[in-house]
Amino acid sequence: MSLILFIEQMLNGVQFGVMLFLMAAGLTLIFGVMGLINLAHGSLYMIGAFAAAWVAGMSGSFVLALIASLAAAAAAGALIELTVIRRLYDRDHLDQVLATFALILIFSEGTRWLFGSFPLFLEIPPYLSGPVTLPGGIEYPLYRLAIIGVGLLVAAGLFALIARTRIGIQIRAGEADREMIAALGVNISALYTIVFALGAALAGLAGALIGAIQSVQVGMGEPVLILAFVVIVIGGIGSIKGALVGAILVGLTDTLGRVLLPAVFAQFMAPQAASSVGSSLASMSIYILMAGVLVMRPSGLFGKA
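Counting in the working numbering, the sequence shown runs from -17 upward without gaps.
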């Protein structure tokens, strides 16, 4: 493998990791602050993608599509928090899993009813299409670089929100001792709704951004949700820094594994068999990474014991 191809795959891994971070950041906030296992988070990712594709098709504006993805996912998140999730905080995790799994089915069938079973397509806007030449003569798609940039900006914004704002102080306090901040006069119900809507909006943004690379279809959020859970386990539950580092590690491991492992096995077996074995091991590699991290740090890289 040439150096240029290796760097391109590294960038692909970072781009994939940034998308996973947008999913995992909301998920780790929700779990860290509320202690809630939300299997419906992938459905909010799907809602953002469908909202963006529909608005882009109606208006032709990619910016409006991104705004629509944020608004639709945040509204859906706030609605289900107020109507369903709020009744689950004092229930055990099995009840939370069953209820949020039911939400997956409801959102999937509702989306299929509204948009049909055929996938939608979100086009990359002209000003973000085509390659850009990086130092060293590397040509890389501008849109994928834009995803990396947006993800890093969101990460910086989340760090600033959590560390330097009043709502961030309340979120951190709610994660540490929700009964105490409720006793101090903080409206814990409103705080939970805000956190849930924020996490949903981030998932919707991720769905919209990736919708221009792959087709937008029912059920697209569940595979990403599994990887987002892997990310927060690696990074540490409740840690935004952990979500970012874990997402980049998972993105690089998955992307480089799919490229390097088939090439390694091609030295010893037929190309078709090498591709099959290498791809299978690459799919396993992120879970091997997760197991290795948990052996050394059971609470994750940045999680609290």
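Simulated from the structure, these hints should not be mistaken for laboratory data.
A hint or two may mislead.
[To be verified] Per label pair, the in silico range of CB-to-CB distance:
hint, residue 1, residue 2, range
1, Val79, Thr115, 32 to 42 Å
2, Pro108, Ser197, 15 to 25 Å
3, Ser41, Gly112, 41 to 51 Å
4, Ile151, Ala248, 27 to 37 Å
5, Arg279, Ser111, 37 to 47 Å
6, Pro113, Ser41, 53 to 63 Å
7, Gly167, Arg279, 15 to 25 Å
8, Leu276, Leu143, 41 to 51 Å
9, Ser41, Ala252, 27 to 37 Å
10, Ile88, Ser171, 39 to 49 Å
11, Gly119, Glu161, 53 to 63 Å
From the three backbone atoms N, C-alpha and C, an ideal C-beta is built for every residue, glycine too.
These are the hints, each one checked on the structure:
1. Val79 / Thr115: 32 to 42 Å: violated (48 Å)
2. Pro108 / Ser197: 15 to 25 Å: Holds, since Pro108 and Ser197 (Cβ atoms, about 20 Å apart) stay within the stated range.
3. Ser41 / Gly112: 41 to 51 Å: For Gly112 against Ser41, whose Cβ atoms are near 22 Å apart, the range 41 to 51 Å is violated.
4. Ile151 / Ala248: 27 to 37 Å: With Cβ atoms ~54 Å apart, the hint is violated.
5. Arg279 / Ser111: 37 to 47 Å: holds (42 Å)
6. Pro113 / Ser41: 53 to 63 Å: Distance hint for Pro113, Ser41 is violated at roughly 27 Å.
7. Gly167 / Arg279: 15 to 25 Å: violated (37 Å)
8. Leu276 / Leu143: 41 to 51 Å: The hinted range 41 to 51 Å is violated for Leu276 and Leu143, with Cβ atoms some 29 Å apart.
9. Ser41 / Ala252: 27 to 37 Å: violated (50 Å)
10. Ile88 / Ser171: 39 to 49 Å: violated (23 Å)
11. Gly119 / Glu161: 53 to 63 Å: holds (59 Å)
When held up to the earlier numbered hints, the structure conflicts with 1, 3, 4, 6, 7, 8, 9 and 10 and fits the remainder.
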